[in-house]
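Undergrad: Sequence:
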Amino acid sequence: MRNVDRLSGYDGDGQVLLRLRENYTFIEDDVGHELPTIAAAKMEASKALTEIARDILPGHNFANLAIEVRDALGPILHATLNFAVHIERDEEQ
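If you use the numbering used here, the sequence shown corresponds to residues 6 to 98, in order.
Just so you know, the hints here were simulated from the structure itself, not pulled from any lab data. All residues carry an ideal CB built from backbone N, CA and C; glycine is no exception. Heads up, a few of these hints could be off.
Unchecked claim - Cβ pair distances, simulated, as ranges:
1) A44 to F67: 29 to 35 Å
2) A45 to I92: 37 to 43 Å
3) R26 to E96: 28 to 34 Å
4) V36 to L78: 18 to 24 Å
5) L22 to I92: 24 to 30 Å
6) A89 to E39: 33 to 39 Å
7) T30 to K52: 19 to 25 Å
8) E93 to P63: 34 to 40 Å
9) N28 to M48: 23 to 29 Å
Using the sequences and the hints given, assemble the complete structure.
TA: Here is the structure:
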């Protein structure tokens, strides 16, 4: 186990929950995940954001997505993805 795992107080025991925020809407994880390290939690949050972005971003001009990974003691990490399309000129008719 790396120092970052020990120093954070995260011992890798028990389940962690992922909390999704899409713009101003929160979706709570009701399943839970067994993640042994902070690195594993980071990887899981990154994968979740990628999958969510693939479903949400097409056709949108703006999205603010975030995943909070937490355990019984509270938040472990936050991963965010901000997406914006700025149209510089109108389509020619």
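Undergrad: Run every hint past the structure and note whether it holds.
TA: Status of each hint after checking the structure:
no.	hint	verdict
1	A44 to F67: 29 to 35 Å	holds (31 Å)
2	A45 to I92: 37 to 43 Å	holds (39 Å)
3	R26 to E96: 28 to 34 Å	holds (32 Å)
4	V36 to L78: 18 to 24 Å	holds (19 Å)
5	L22 to I92: 24 to 30 Å	violated (38 Å)
6	A89 to E39: 33 to 39 Å	holds (35 Å)
7	T30 to K52: 19 to 25 Å	holds (20 Å)
8	E93 to P63: 34 to 40 Å	violated (20 Å)
9	N28 to M48: 23 to 29 Å	holds (24 Å)
The structure is inconsistent with the numbered hints 5, 8, although it conforms to all the rest.
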